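> Listed here are the chains, written in short residue letters.
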Amino acid sequence: MLATEDSTPQNEIVNRLDSAVSEVFEMMLERSCDPLDGDVSIVDGRIMARIQFTGAITGECILYASQATAEVTAEALLGAVSQPCDPMVDDAIGELCNMIAGGWKNKLEHPQASCLISVPAVTREGLVGLEGKFGTKFSRTYSFQGNVFGILLAF
Amino acid sequence: MRKVIERALRQAGLELTEVLQASNGEEALQALRDDGGKPHPLALILSDINMPIMDGLQFLEQRRDEKLAVGVPVVMITTEGSEPLVLRAISAGAQGYICKPFTAEQVKARVLPLLRVA
Chain A
1 MLATEDSTPQ
11 NEIVNRLDSA
21 VSEVFEMMLE
31 RSCDPLDGDV
41 SIVDGRIMAR
51 IQFTGAITGE
61 CILYASQATA
71 EVTAEALLGA
81 VSQPCDPMVD
91 DAIGELCNMI
101 AGGWKNKLEH
111 PQASCLISVP
121 AVTREGLVGL
131 EGKFGTKFSR
141 TYSFQGNVFG
151 ILLAF
Chain B
156 MRKVIERALR
166 QAGLELTEVL
176 QASNGEEALQ
186 ALRDDGGKPH
196 PLALILSDIN
206 MPIMDGLQFL
216 EQRRDEKLAV
226 GVPVVMITTE
236 GSEPLVLRAI
246 SAGAQGYICK
256 PFTAEQVKAR
266 VLPLLRVA
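Order-wise, the sequence lines are chains A and B.
Numbering of the first sequence is given in our numbering, commencing with residue 1 and proceeding in unit increments.
Numbering of the second sequence is given in our numbering, commencing with residue 156 and proceeding in unit increments.
The set of hints was computed from the structure by calculation and includes no laboratory data.
A few of these clues could be false.
SDA-like cross-link-like pairs, simulated, lysine to any residue; straight-line CA separation at most 25 Å [to be verified]:
| id | chain 1 | residue 1 | chain 2 | residue 2 |
| --- | --- | --- | --- | --- |
| 1 | B | Lys-263 | A | Glu-23 |
| 2 | B | Lys-158 | A | Met-88 |
| 3 | A | Lys-107 | A | Thr-8 |
| 4 | B | Lys-263 | A | Ser-22 |
Derived contacts from chain B toward chain A, CB cut-off under 10 Å, selection only [unchecked claim]:
| id | residue |
| --- | --- |
| 5 | Gln-185 |
| 6 | Pro-207 |
| 7 | Gln-217 |
| 8 | Asp-220 |
| 9 | Glu-221 |
| 10 | Thr-233 |
| 11 | Val-241 |
A quick note: this is a predicted structure, and the numbers were derived from the prediction, not measured.
All C-beta atoms, glycine included, are put in the ideal place defined by N, C-alpha and C.
Kindly produce the complete structure, drawing on both the sequences and the hints.
Put into structure tokens, the structure is as follows:
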């Protein structure tokens with residue numbers, strides 16, 4: 001279990017997510033990425049990547065961002081400038097979600113850490129329709145170099 | 156992820172003369188079957204575990220059963236770092252394991268010792 005100042009189950013979940021996001025950005029994108037306090041509106045036209053948890057945990061990890069943020073993220077991850085409608089942007093956002101969800105899962109204790117994660121699914125349908133699907137949700141917004149994206153963990 | 160891996164290998168100083176890419180295990184098996192008659196065999200196989208259609212573990216096991224690319228080292232790159240999966244990958248023929256996220260240095264450290272010197 002991670003050592004945290006406030007070790008309520010909810011804060012443990014969020015702290016593990018913050019840690020997973022930070023690790024992915026520092027190692028794969030060589031950038032720092034910090035959580036933002038409070039609700040932050042992310043522009044419409046968002047791209048969304050989903051990873052499903054099954055087995056010991058049933059739920060989803062959803063990463064959502066504007067197209068502009070998605071393109072900047074893809075460029076940072078791939079080290080190349082993305083082109084308009086570049087499929088690499090979808091791949092990069094899906095992989096980012098995969099690594100964050102996997103990193104978060106790997107920080108869980110047994111038996112939750114043994115849950116399986118799906119391959120990422122990337123859509124542009126936004127979060128509509130997901131409300132109410134799961135009972136417990138943790139929403140978190142992050143920023144790297146002024147680019148904002150959100151992550152929703154739902155169980 | 157394939158582009159990310161390719162970038163990491165280049166950052167590690169490897170000169171990639173030819174890269175066969177596949178988006179799932181089935182495509183990878185087919186690429187190995189098609190590549191069987193080439194005079195310059197593969198130097199390395201890198202595979203994710205979490206893939207659609209056929210995952211990396213199934214790919215490894217099928218590759219072993221079909222005796223494809225025998226002797227070519229395999230490194231798994233994945234977020235799935237649990238012990239049972241690692242053991243299954245090793246028993247199916249994986250020589251290395253890299254957990255995502257990773258740095259280019261980590262890729263270099265895991266991959267270079269496995270590469271055959273030309």
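> Identify every previously stated hint that the structure contradicts and give their numbers, smallest first.
Those not satisfied are hints 5, 7, 8, 9, 11.
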